[in-house]
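This is what each chain is made of:
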Amino acid sequence: MAGTAADKKKITLIVLSGDLDKVLAAFIIAVGAASAGIDATMFFTFWGLNVLRKSGGRAKGNWMQRMMALLNRGGADRLPLSKFHMAGIGTRMMGRLMRQFKMPNVREMIALSKELGVKLIACTTTMGIMGIAKENLIPEVDAFAGVATYIAEAGESKINLFIS
Amino acid sequence: MAGTAADKKKITLIVLSGDLDKVLAAFIIAVGAASAGIDATMFFTFWGLNVLRKSGGRAKGNWMQRMMALLNRGGADRLPLSKFHMAGIGTRMMGRLMRQFKMPNVREMIALSKELGVKLIACTTTMGIMGIAKENLIPEVDAFAGVATYIAEAGESKINLFIS
Amino acid sequence: MAGTAADKKKITLIVLSGDLDKVLAAFIIAVGAASAGIDATMFFTFWGLNVLRKSGGRAKGNWMQRMMALLNRGGADRLPLSKFHMAGIGTRMMGRLMRQFKMPNVREMIALSKELGVKLIACTTTMGIMGIAKENLIPEVDAFAGVATYIAEAGESKINLFIS
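Protein chains in written order, with the numbering used here: chain A, 13 to 176; chain B, 13 to 176; chain C, 13 to 176.
One should not assume that every hint holds.
[To be verified] Derived DSS-like pairs: lysine-lysine, alpha-carbon spacing no greater than 30 angstroms straight-line:
1) K72(A) / K22(A)
2) K66(C) / K114(A)
3) K114(A) / K72(C)
4) K126(A) / K95(A)
5) K114(C) / K22(A)
6) K22(C) / K22(A)
7) K131(B) / K95(A)
8) K66(C) / K131(B)
9) K114(C) / K114(A)
10) K131(A) / K66(B)
It should be emphasised that the hints constitute simulated quantities derived from the structure, not laboratory data.
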């Protein structure tokens with residue numbers, strides 16, 4: 013596969029979902045691409061911003077923003093499965109299966125991404141309405157940017173995916 | 013960013029979802045691309061057709077089509093959030109936050125899209141099974157087309173996204 | 013449209029969803045592309061693996077894998093709608109509407125895909141954590157592969173979509 017990557021390709025992923033399975037799929041692809049020498053960029057927006065949130069962070073803003081942030085508690089360790097979450101039982105079971113099959117969890121995926129040079133971008137267009145401020149996000153975030161940056165990156169990418 | 017768009021790029025989005033957050037993301041991208049001089053086309057299919065439905069429209073067809081249309085009431089003002097809809101409370105809260113942050117709502121996004129020349133296409137392959145007829149859709153729809161048209165458009169696009 | 017396909021294009025779809033509507037959309041696109049002479053590859057991962065599961069298959073593995081497989085019963089005839097499943101009523105109604113509008117069901121879509129040379133790939137990275145073994149999958153599967161194969165295929169494709 014490394015052979016076909018001779019011409020510098022690039023991959024850009026939008027991660028709108030904050031569901032464990034979808035976020036994992038996104039990281040598997042980004043890390044897989046980066047391992048093959050392909051530049052990878054991930055844009056986190058809407059519920060996907062949860063991936064980048066500090067676990068203990070306190071929300072700022074007006075009551076609506078704080079309520080949105082409370083409902084939608086983030087942190088890479090807290091992402092629910094998109095199906096069979098079952099008050100956490102299904103999600104915990106998936107977590108155990110992942111460990112058994114030596115699949116990195118989301119926190120490990122973030123670390124792996126950084127090692128491999130995957131760019132993690134937080135979407136400023138949606139941070140406000142999700143009640144998320146810069147100080148609520150983990151230091152691994154490489155940049156804060158909006159749609160113009162996305163369009164520019166995607167316009168140079170061979171593979172563009174939207175993960176909702 | 014406008015600089016990188018010198019070679020005419022093109023973006024084609026499939027919008028299968030009728031959820032407020034995902035539909036907004038689709039419009040933010042399409043409008044962002046169009047603002048940068050990139051041709052943008054949006055294909056609305058399945059639940060995404062709700063975006064294009066007239067609010068007061070009455071469904072036609074047999075009882076199953078009418079029931080599907082009733083369950084799945086459309087109109088750009090009625091799209092639910094994909095998470096925390098909470099019988100409308102979460103969705104209304106998001107609407108307020110959007111206004112506060114000066115983010116256009118879906119109805120305004122449609123108007124903005126038309127101004128910027130974004131092409132809005134309704135998928136004829138799924139209109140029937142969703143119980144949606146041409147007269148149920150808003151006049152802003154540019155074309156009615158099926159998968160062959162999509163494949164042709166996407167085949168010429170630099171950025172292709174599937175928003176489910 | 014066939015005219016624009018003169019230069020050999022290629023399309024690669026990731027199918028993470030096991031929801032009827034999204035899976036149908038994926039097949040409509042893959043079959044549509046293949047009909048236009050475009051090479052199409054579908055990668056099934058996470059819940060999407062349900063599409064490729066034998067109906068009567070019995071899960072192997074430890075109790076967690078068996079429970080995950082039980083919760084998440086597969087088979088192309090059993091996929092639920094992503095909305096309005098309503099304990100099966102909505103999904104059955106959609107099935108009837110599909111027959112009425114002569115839209116092939118998922119089983120027929122798989123047969124059609126094979127006739128047209130669409131490549132069906134099962135994701136080995138996620139089969140384990142979903143409690144799915146090779147013998148649980150239908151013989152129509154062309155290959156078992158992981159992310160490296162996906163990246164290579166997508167890197168050669170004009171159209172890349174992620175169907176979640």
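The hints, checked one at a time:
| no. | hint | result |
| --- | --- | --- |
| 1 | K72(A) / K22(A) | violated, 36 angstroms |
| 2 | K66(C) / K114(A) | holds, 27 angstroms |
| 3 | K114(A) / K72(C) | holds, 18 angstroms |
| 4 | K126(A) / K95(A) | holds, 29 angstroms |
| 5 | K114(C) / K22(A) | violated, 40 angstroms |
| 6 | K22(C) / K22(A) | holds, 17 angstroms |
| 7 | K131(B) / K95(A) | violated, 34 angstroms |
| 8 | K66(C) / K131(B) | violated, 41 angstroms |
| 9 | K114(C) / K114(A) | violated, 45 angstroms |
| 10 | K131(A) / K66(B) | violated, 41 angstroms |
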